[in-house]
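2 protein chains.
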Amino acid sequence: MTETLAISERTRLRRARERGYFDRETIYGILDAMPLCNVGYVIDGSPVVMPTFQWREGDHVYWHASSGGRGIKAAEGSQVCLTVALLDGLVLARSGLHHSANFRSVMVFGTPEKITDPEQKAAKLDGLIDHLYPGRKETLRPMTDDEAKQTAVLSLPIEEASAKLRTGGPVDDEEDYALPIWAGVIPVKMQIMPPEPDPRNLDGVEVPDFVKSMTLG
Amino acid sequence: MTETLAISERTRLRRARERGYFDRETIYGILDAMPLCNVGYVIDGSPVVMPTFQWREGDHVYWHASSGGRGIKAAEGSQVCLTVALLDGLVLARSGLHHSANFRSVMVFGTPEKITDPEQKAAKLDGLIDHLYPGRKETLRPMTDDEAKQTAVLSLPIEEASAKLRTGGPVDDEEDYALPIWAGVIPVKMQIMPPEPDPRNLDGVEVPDFVKSMTLG
Chain D
41 MTETLAISER TRLRRARERG YFDRETIYGI LDAMPLCNVG YVIDGSPVVM
91 PTFQWREGDH VYWHASSGGR GIKAAEGSQV CLTVALLDGL VLARSGLHHS
141 ANFRSVMVFG TPEKITDPEQ KAAKLDGLID HLYPGRKETL RPMTDDEAKQ
191 TAVLSLPIEE ASAKLRTGGP VDDEEDYALP IWAGVIPVKM QIMPPEPDPR
241 NLDGVEVPDF VKSMTLG
Chain Y
41 MTETLAISER TRLRRARERG YFDRETIYGI LDAMPLCNVG YVIDGSPVVM
91 PTFQWREGDH VYWHASSGGR GIKAAEGSQV CLTVALLDGL VLARSGLHHS
141 ANFRSVMVFG TPEKITDPEQ KAAKLDGLID HLYPGRKETL RPMTDDEAKQ
191 TAVLSLPIEE ASAKLRTGGP VDDEEDYALP IWAGVIPVKM QIMPPEPDPR
241 NLDGVEVPDF VKSMTLG
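For the record, the sequence lines run as chains D and Y.
Using my numbering, the first residue of the first sequence is number 41, and each one after it goes up by one.
Using my numbering, the first residue of the second sequence is number 41, and each one after it goes up by one.
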């Protein structure tokens, strides 16, 4: 049975509460579907939202950045909000107000920790590669110590988190169903396109198998 | 000639400076390509990143939310950061470190204003519909006063803003090009799928023309 997280003042939905989910299964499913996230920091008192890749291992979410970057400096020991949002469809209703979007989103709140142990950091960065590209890590040369130093990895426990999602067609005011207006959903989907090999690939080096089964979103 | 924005402490790139763009043409192009954005607020001292739709008119960016929502309360008269991020491809290099992503992103910083004048607000909400669905607004019934009251519209001047983007293939360390590792780009793309009409559409109501020419991203 999937564990349900406690609802906090930050994760409680003020409206459209039927769209809120607090169980780990739903939250993990959305985090695992899309590496692109937006991390919010407070820097000099004002919000900064930086896009980056996240990946999940167990009950933690991880992201990385340049060791000297602003986000890393702002994040360590401070509250962040990591948000993943996937657009699934445009919902066209019979009135302007009821136009909507189908989406899946997750917000994770908390104070991240910087992973400083070199071995642990290397393992986490391998985890990023493996999460995105199963089996690829073993085919790469090992990371050098200098490369590991350039990269900082942040770790955030998934404890104060929520998912929000909308699915399905438009919901109109009852009297508006009599109007001769087209209503419905325009689904949108992230598609993986055919790979573009680097011109400097060596002869005989083939596209890896994981590319053929990749999905995003 | 496109105007170039002044670089601020918040928009200055600390690294990979060749990826930064400060001209309105580049910034507007990214904002116009994708309505999905993530707005960062500071609420009770900690960051909150909320996905929503944005749209641009001239040198302002707009978004809307429930009048009673947390974001609206936090945004009025306070600094926000509105970020749009589009993933264009996964970049696979010959070392872990040089794996990357092709992307386009924009960050807009500033203090938004709430549009309180009812007529101006209605005009802006019409602008959202028209921006996403050209020609649709004229086919809908007018918004009621009560509907307009439920929705708040925020307006942010595009003055302190930057774009960041990466294109092209992997860039490896010179000695790594001798390794028999597949490198290249896996492009990803938002696709518009065939529309799903609402089962309660009236007989003879056809899919609007704009659906056929829609693009996202």
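A few of these clues could be false.
Okay, derived cross-link-like pairs now, DSS-like style, lysine-lysine, Cα gap no bigger than 27 Å in a straight line [to be verified]: (1) D:K189 with D:K161; (2) D:K229 with D:K161; (3) Y:K229 with D:K252; (4) Y:K189 with D:K229; (5) D:K113 with D:K154; (6) D:K113 with D:K189; (7) Y:K113 with D:K177; (8) Y:K189 with Y:K252; (9) Y:K229 with D:K229; (10) Y:K113 with D:K229; (11) D:K177 with D:K252; (12) D:K154 with D:K189; (13) Y:K161 with Y:K177; (14) Y:K229 with Y:K154; (15) D:K229 with D:K252.
To be clear, the hints were calculated from the coordinates, so they are not data collected in a lab.
Note that the structure is a prediction, hence the values are computed from the model and not measured.
Do the hints match the structure? See the list:
1. D:K189 with D:K161: 9 Å, holds
2. D:K229 with D:K161: Given pair K229 (chain D), K161 (chain D) is violated - Cα atoms ~33 Å apart, limit 27 Å.
3. Y:K229 with D:K252: Judged against 27 Å, a Cα distance of about 16 Å means the pair holds.
4. Y:K189 with D:K229: 33 Å, violated
5. D:K113 with D:K154: It holds: about 10 Å lies between the C-alpha atoms, which stays within 27 Å.
6. D:K113 with D:K189: Roughly 15 Å separates the two Cα atoms, so the pair holds.
7. Y:K113 with D:K177: 46 Å, violated
8. Y:K189 with Y:K252: Answer violated: K189 (chain Y) to K252 (chain Y) is near 33 Å, above 27 Å.
9. Y:K229 with D:K229: Holds: K229 (chain Y) and K229 (chain D) sit about 8 Å apart, inside 27 Å.
10. Y:K113 with D:K229: Violated: K113 (chain Y) and K229 (chain D) sit about 33 Å apart, past 27 Å.
11. D:K177 with D:K252: 17 Å, holds
12. D:K154 with D:K189: Between K154 (chain D) and K189 (chain D) the Cα gap is close to 12 Å, so the pair holds against 27 Å.
13. Y:K161 with Y:K177: 15 Å, holds
14. Y:K229 with Y:K154: 34 Å, violated
15. D:K229 with D:K252: Holds - the C-alpha atoms of K252 (chain D) and K229 (chain D) are around 17 Å apart, at most 27 Å.
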